[in-house]
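Colleague: Sequences listed follow chains A and B, in order.
Here numbering that gives the first Met the number 0 is used: position 74 in the first sequence is 73, and no number is missing along the way.
Here numbering that gives the first Met the number 0 is used: position 15 in the second sequence is 14, and no number is missing along the way.
Read the hints as simulated data drawn from the structure, not as lab findings.
Since this is a predicted model, take the numbers as computed values, not measurements.
Among these hints, one or two may not hold up.
Since the list gives no way to pick one copy over another, a pair counts as held whenever it fits inside one copy or between any two copies.
What the hints assert, rightly or not - Think about it this way: if two alpha-carbon atoms lie no more than 27 angstroms apart in a straight line, the pair counts; the simulated BS3-like pairs of lysine-lysine are:
(1) K260 - K243
(2) K157 - K243
(3) K231 - K157
(4) K112 - K76
(5) K243 - K76
Number of protein chains: 2
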Amino acid sequence: MHSAPPHVLTAGLTLLAILIAAIAMGLFRKPLDRVYITGGSSGLGRALAVELVRRGAHVTVVARDLRKLEETTAALKPLASPSQLISHISADLTSAESSEAALNDAVVAWGGKAPDHVYLCAGFSRPKFFVDMDAQHMKEGLDGVYWVSAYTAHAAVKRMVAQRVRGKIVFVSSFLGYTTFAGYTSYSPGKYALRGLADALRSEMLLHNISVHIFMSAGILGPGFDAENEHKPAITRKIEEGDKPDEPEVVMRAMISGIEKGHYQITNLLITDLIRVGAAGPVPGNGPLDFVYSLIGGIEIGDDLSPILPAPTAFAF
Amino acid sequence: MHSAPPHVLTAGLTLLAILIAAIAMGLFRKPLDRVYITGGSSGLGRALAVELVRRGAHVTVVARDLRKLEETTAALKPLASPSQLISHISADLTSAESSEAALNDAVVAWGGKAPDHVYLCAGFSRPKFFVDMDAQHMKEGLDGVYWVSAYTAHAAVKRMVAQRVRGKIVFVSSFLGYTTFAGYTSYSPGKYALRGLADALRSEMLLHNISVHIFMSAGILGPGFDAENEHKPAITRKIEEGDKPDEPEVVMRAMISGIEKGHYQITNLLITDLIRVGAAGPVPGNGPLDFVYSLIGGIEIGDDLSPILPAPTAFAF
Numbered sequence: 000m001h002s003a004p005p006h007v008l009t010a011g012l013t014l015l016a017i018l019i020a021a022i023a024m025g026l027f028r029k030p031l032d033r034v035y036i037t038g039g040s041s042g043l044g045r046a047l048a049v050e051l052v053r054r055g056a057h058v059t060v061v062a063r064d065l066r067k068l069e070e071t072t073a074a075l076k077p078l079a080s081p082s083q084l085i086s087h088i089s090a091d092l093t094s095a096e097s098s099e100a101a102l103n104d105a106v107v108a109w110g111g112k113a114p115d116h117v118y119l120c121a122g123f124s125r126p127k128f129f130v131d132m133d134a135q136h137m138k139e140g141l142d143g144v145y146w147v148s149a150y151t152a153h154a155a156v157k158r159m160v161a162q163r164v165r166g167k168i169v170f171v172s173s174f175l176g177y178t179t180f181a182g183y184t185s186y187s188p189g190k191y192a193l194r195g196l197a198d199a200l201r202s203e204m205l206l207h208n209i210s211v212h213i214f215m216s217a218g219i220l221g222p223g224f225d226a227e228n229e230h231k232p233a234i235t236r237k238i239e240e241g242d243k244p245d246e247p248e249v250v251m252r253a254m255i256s257g258i259e260k261g262h263y264q265i266t267n268l269l270i271t272d273l274i275r276v277g278a279a280g281p282v283p284g285n286g287p288l289d290f291v292y293s294l295i296g297g298i299e300i301g302d303d304l305s306p307i308l309p310a311p312t313a314f315a316f
Numbered sequence: 000m001h002s003a004p005p006h007v008l009t010a011g012l013t014l015l016a017i018l019i020a021a022i023a024m025g026l027f028r029k030p031l032d033r034v035y036i037t038g039g040s041s042g043l044g045r046a047l048a049v050e051l052v053r054r055g056a057h058v059t060v061v062a063r064d065l066r067k068l069e070e071t072t073a074a075l076k077p078l079a080s081p082s083q084l085i086s087h088i089s090a091d092l093t094s095a096e097s098s099e100a101a102l103n104d105a106v107v108a109w110g111g112k113a114p115d116h117v118y119l120c121a122g123f124s125r126p127k128f129f130v131d132m133d134a135q136h137m138k139e140g141l142d143g144v145y146w147v148s149a150y151t152a153h154a155a156v157k158r159m160v161a162q163r164v165r166g167k168i169v170f171v172s173s174f175l176g177y178t179t180f181a182g183y184t185s186y187s188p189g190k191y192a193l194r195g196l197a198d199a200l201r202s203e204m205l206l207h208n209i210s211v212h213i214f215m216s217a218g219i220l221g222p223g224f225d226a227e228n229e230h231k232p233a234i235t236r237k238i239e240e241g242d243k244p245d246e247p248e249v250v251m252r253a254m255i256s257g258i259e260k261g262h263y264q265i266t267n268l269l270i271t272d273l274i275r276v277g278a279a280g281p282v283p284g285n286g287p288l289d290f291v292y293s294l295i296g297g298i299e300i301g302d303d304l305s306p307i308l309p310a311p312t313a314f315a316f
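With the rest of the complex left out, here is chain A (with noise of 0.2 angstroms):
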């Protein structure tokens, strides 16, 4: 064995000291990520807004009240760090003129580059039953559960594509996306809309790096589920009786887990997962439990009123 001579061992000093301050200096390290989420002002939206600006990202929220972005911003900013960027932007997502100008506003702060991520959390619920509504009922449900998160990843897409943005669109349907019962013809309708655009989406999106996700999430405790039980049919609530809604905080993490998993349809909920395998259609599943799943069996509904467990009235395979 010998020592290296001195000029070799300079030089190589000499490159480490330059990886050293090129490190500091932020030239490897990965840009933050651009995060941009409807709905971001409250319940789901607002818990994942929260756990993204901890995990080091640029946020954006998007929602109609200003009062309540204002408050949410307030309490992101103390999580950030000087480099992340957290912004709102109110908005009424269902028109796609402004779902459109919302986007652009959003991503002046990021030199103009579409975001990589955008969850789609905006939508409301109102049971009502269909002999009991008005069409002005029924448009609004549409408009507030398809149209506030068709039209914001028809924006974002645009972008990230003519931009080749690597990214992920991550829409939130909802257990009533994959079956559904009285009281929700103003409300089912577009959760499986969602469901049909995120399934043809995904397709589409193989071409071009971008993934497509969409949550079925089961009840979410707060002030979107208080509303939506403020005027619930009588029988509405029989059906759901057996329900537990969860705290924000707890399906985010479900719907994150699910993402991280690279789930397509993700879902937190035994029940959902057993719908999930005879309701989803020919689209990737979640893995060998899948398998499980559909030997505990398809779940039939029969003719009454009580078409969900934990009463079926007929079990089919």
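Given the coordinates of chain A, work out where chain B should sit on it, guided by the hints.
Modeller: Frame of chain A, contents of chain B only:
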């Protein structure tokens, strides 16, 4: 044994004569079915109108194009008896107001009585990539698939329930309302949404003795299909190259047969049945064969762009 006294015989013969006269006068005859068919001037809707006129129903067809409507009623009238009422109404069914107005017009001929059979066959498909469409294309897609049926269903159900008319509401969705792929982001959301509406409405209508059906049709030959193919992206065409669309009459017979069997979700292709048992969720199935279909297995899409049979990349369970 002894013969009946003459006055008993006379009374019996008189009763018999009254009964024969009553039958001849139609007093015991079931009133003719009042049938309302949207999209009734072409394709599936028109084939259905022809068949139901032949079966002796009152039939009103609704569509936008007045010339095609006039041509349709001219073809229907020679098939009808003098007691059958055949008429047409031109209306834009993507608007709630004109959907309701069209129904109000239709019932005038029936003395204000609600239809007892409503067939929702209107709709169109214009495949396009999500990244290539504008928001107007998205909106027109949903209007022309979802609202074109949902508003009429709403107006009809309200009138039927108010008059305690027992009858049927039949939606027309699609194979692409179970699962979908690149090219259908403006079409499948509406077809999924119709399934969401039908699933919730089926449950609510158990309270009112109205049966709800949804026909998950495979491709139907005709002008609608030709228009769909005109701008179809090459990838979408490739995915569908194994498909064999049927003539409207063949499809119509499958739909009527499904209704007669009491199926809730009606199919007209083996592969649709395979998808149905893995995509319908816990709504009522179509009988013992469903078990066989479930054994053939859930079909899972791999991460490629041939997401449906005949070339699936993975079979799960």
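Colleague: The structure should be examined with respect to each hint, and the outcome stated for every one.
Modeller: Going through the hints against the structure:
Proximity of K260 and K243 under a CA criterion of 27 angstroms is satisfied intra-copy only: 25 angstroms inside one chain copy versus 38 angstroms between copies. For the homomeric pair K157 and K243, neither the shortest alpha-carbon distance inside one copy (38 angstroms) nor that between copies (33 angstroms) is at most 27 angstroms. For a Cα distance limit of 27 angstroms, the shortest separation of K231 from K157 across copies, 19 angstroms, qualifies, whereas the shortest one inside one copy, 38 angstroms, does not. Taking the shortest Cα distances, K112 and K76 sit within 27 angstroms of each other inside one copy (22 angstroms), while across copies they are farther apart (63 angstroms).
Taking the closest pair of Cα atoms, K243 and K76 never come within 27 angstroms of each other, the shortest separation being 32 angstroms inside a single copy and 58 angstroms across copies.
Violated hints, in rising order: 2, 5; the structure is consistent with all others.
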